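> If you want the building blocks of each chain, they are given just below.
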Amino acid sequence: MTRFTTIGATLAMTTALAGAVSAQELRMTIWSANEAHLTLFNDIADSFTATHPGVSITYESLPFSSYTTTLTTQIAGGNPPDLAWILERTAADFVNSGVLAPLNDGFMAADGFDYDDILAKPTELWRLDGELYAIPFSTSPLAIFANNDLIRAAGAPTPADLIAAGEWTWDNAIDVAAKVAAADSEGIIVRDFNFQTWQNLAAIWRGWDAAPWSADGATCTFDEPQMVDAMTFIHDAIFETGATPGPGESVDFFAGDAAMSITQISRASLLPTGDDAFDWDLVPLPTGQAGDYAVIGQAAIGAFQRGDNVDLAVAFLAHMTNPENSAKLAQFFPPVRASLLNAETLGATNPLLTSEMIDSVVVDGITRGEVLPVHEGYSEIQQVVRAELDSLWQPDADVAAVLSNVCQRIQPLL
Amino acid sequence: MTVVASPSELSRRKRPYWTMARRDSLAGYVFVAPQAIGIAVFVLVPLLLVFWYSLHEWNVLAQTFRFKGLENYHRLLSDPGLPEVLIATAIFSIFLVVFNMSLALLLAVLLNQKLRGITVFRTLFFSPVVVSLVAWTIVWSFLLQNNGGLNGILDHFGIEGPNWLRHPTTAMIAVVVVQVFKNVGLNMILFLAALQGVPKELYEAARVDGIPAFRQFRRITLPMISPTVMLTSIITIVGSLQVFAQIAVLTQGGPGMSTTVLVYYLYQQAFEFHNFGYGATLSILLFVIVAALTFLQWQMRKRIVFYEN
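Note that the protein sequences, when read in sequence, are chains A and B.
If you count by my numbering, then the first sequence holds residues 16 to 429, one letter each, in order.
If you count by my numbering, then the second sequence holds residues 325 to 633, one letter each, in order.
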């Protein structure tokens, strides 16, 4: 009896100790394997563990293309990380499912976090009934990178010339792109679109005040006149003027192959240097038929409710996104803190960008930009729309008919 | 006091429990145990679990797991995307099996010659089999782009090639061809081995009788290699229904739904749309289709295989 009691007590103590040790391990899934990013993350982790003895933090880099699938598979397998980056397109699924831990109380209680410094508009997507469930970690406005060398060689005005003349409109931007395309280079590309990721076209259609569905997400609006006009504009740019490369063509702006690229400012790090360098510029999206607008892409970090160390994970998240660390992260990931959204702070960590670029593109874009399209059950909607839009990317496509079909297919999913 | 044991007790004491028969029996169980445990853990239990999941609605994010009975099976009948998926699967499988087996047999016959350097050709045609599937497909995705290598070659001959992966018909052809070129070497080797097992005397007798070459092939070669034809057809059909990586890399099921085959569709439902319950139901459907086709082929073996009776 005594022997069994001893064994039992030993086992219980071992289990308790093992539990105590594992209770101090935090794992965070990310999609970057960039060495500079990881070095900065580890520095931030070290500054947290210095004040939290016994805590260890690991970052698990997952491939971007299968990131959400891998993350949900981990959750399905009962092995969710403590924290994870979440893309804006899956925000509604994660926030509404209840899988994420509420952050308001933890953030407000954290020393030096300054909760009121967080901007309201860029965090709308990540709130439910006022409660914040993930904090935007990277809020990156979509803008246009221009290769002025190619544009001048084609005898066209540069975007800066058009902005100075007050003529930076989509019609003129496409004219410039068409001229460059006619001169044996490529015109304008929507980076990462690849005729699959159609939501990136929001960078254009928002200029027509078009949206894929109504504000409440209940009604498909692909077939409304604004969207038909915007998509006709895009279709003509591909198949009529050749201003945009067609489906199945691989073009890289940063290799100097195209006049302009619509992408997020965080891509500035891809600009070539040395012999391959070219005269480049970063400008806001042109004025559309509905006026000026801005579009942002976002990623946020949330803590999982089912993790073993929820409070610790929230505490680390507060530490990672406090003003001091947000300023450090701003060199790669634009923050949503009012105190940091200025040319002085962002310029110090983004030497490639001029203060004019930061003001006109970054600060203005983050402050008033609309996030790329999101909806609950987005993955399925995305695939269904992608499949229907495939028939739009043909030279003789009937734009209105295709968009009407899109609505017929996705309305039951909204 | 002396206790006298009864005759039956004496008999029990004398005969040890581990008799030779029991030891043999135990040894047998021990030998088959690894395989039996492996099949149970990695095949039978997952199969039962998939069936169990197919009766549920499983929201991974919300961590809800609700019993729904046959609701997912009813959804199979009303799913607007499923007919397109089944048609794409059938087209893919039929073309793949016909093209793969014809080409494999043709290559095997051509390479079944005693010529100098024939081994080099055999190795060349077999080499794609050992190449990484994803690497093979990624290279083909570059070649098949609109401004890719294949159209570049056609352009040299003044031919304007199609946008291979962006048109439903050419996309399906491309996916089938990429898959056939990847695996035709395996069937070719199996056919080659079978061809080399056909007794030469049969051909000599046929030649003496003046039987033309094509008739020799039809009357001697095909019947003699019919067990291999049976084997390769089963392997190829089952393999064609399991194709995934090529679709994921080359077309992602597009354009439209034209190359969304059943495996890719169930992957999308389960892992991309998070409908694990419906994904499990689709995998049950796939299981039934594979089992039915294999059973059908097995039943037809007496007609297909020359000496199966």
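Please note: incorrect hints may appear among the correct ones.
Stated by the list, open to error - To spell it out: a stretch of chain B is covered by chain A in this simulated footprint if at least three of its residues, at any positions, have a beta carbon under 8 Å from a beta carbon of chain A; those stretches are:
| no. | region |
| --- | --- |
| 1 | 509-522 |
| 2 | 593-603 |
Said to hold, decoys possible - Counterexamples of contact, computed for chain A against chain B with all Cβ distances above 10 Å:
| no. | residue |
| --- | --- |
| 3 | Ala91 |
| 4 | Glu264 |
| 5 | Asp411 |
| 6 | Leu429 |
As the list claims (entries may be wrong) - Covered by chain B, per the in silico footprint, the following chain A stretches (three or more residues, Cβ under 8 Å):
| no. | region |
| --- | --- |
| 7 | 118-128 |
| 8 | 173-184 |
| 9 | 385-398 |
Hint data in this document are derived by calculation from the structure and do not stem from the laboratory.
Computed from a prediction, not measured in an experiment: that's the story for all the values here.
Just so it is clear, CB atoms sit at the ideal spot from N, CA and C, and this is done for glycine as well.
> Could you run down the list of hints and mark each one as holding or not?
Evaluated hints:
As drawn, the region 509-522 of chain B meets chain A at 0 residues by the rule of a beta-carbon pair under 8 Å; below three, the given contact is violated. Counting residues of the region 593-603 of chain B whose beta-carbon sits less than 8 Å from any beta-carbon of chain A gives 6, enough to reach three: the coverage restraint holds. The Cβ of A/Ala91 does not lie farther than 10 Å from every Cβ of chain B; its closest approach is about 4 Å, which violates its non-interface assignment. A beta-carbon of chain B is positioned within 10 Å of the beta-carbon of A/Glu264; the least distance is around 5 Å.
No Cβ of chain B approaches the Cβ of A/Asp411 within 10 Å, the least distance being about 12 Å, so the stated non-interface status holds. With a minimum CB-CB distance of about 14 Å to chain B, A/Leu429 clears the 10 Å threshold, and the non-interface call stands. By the rule of at least three residues with a Cβ nearer than 8 Å to a Cβ of chain B, the coverage given for the region 118-128 of chain A is violated, with 0 such residues. Under a criterion of three residues with beta carbons nearer than 8 Å to beta carbons of chain B, the stated coverage of the region 173-184 of chain A fails, only 0 such residues being counted.
Restraint check on the region 385-398 of chain A versus chain B: 4 residues with Cβ-Cβ distances below 8 Å, three needed, restraint holds.
Checked against the numbered hints given earlier, this structure breaks hints 1, 3, 4, 7 and 8; the rest are met.
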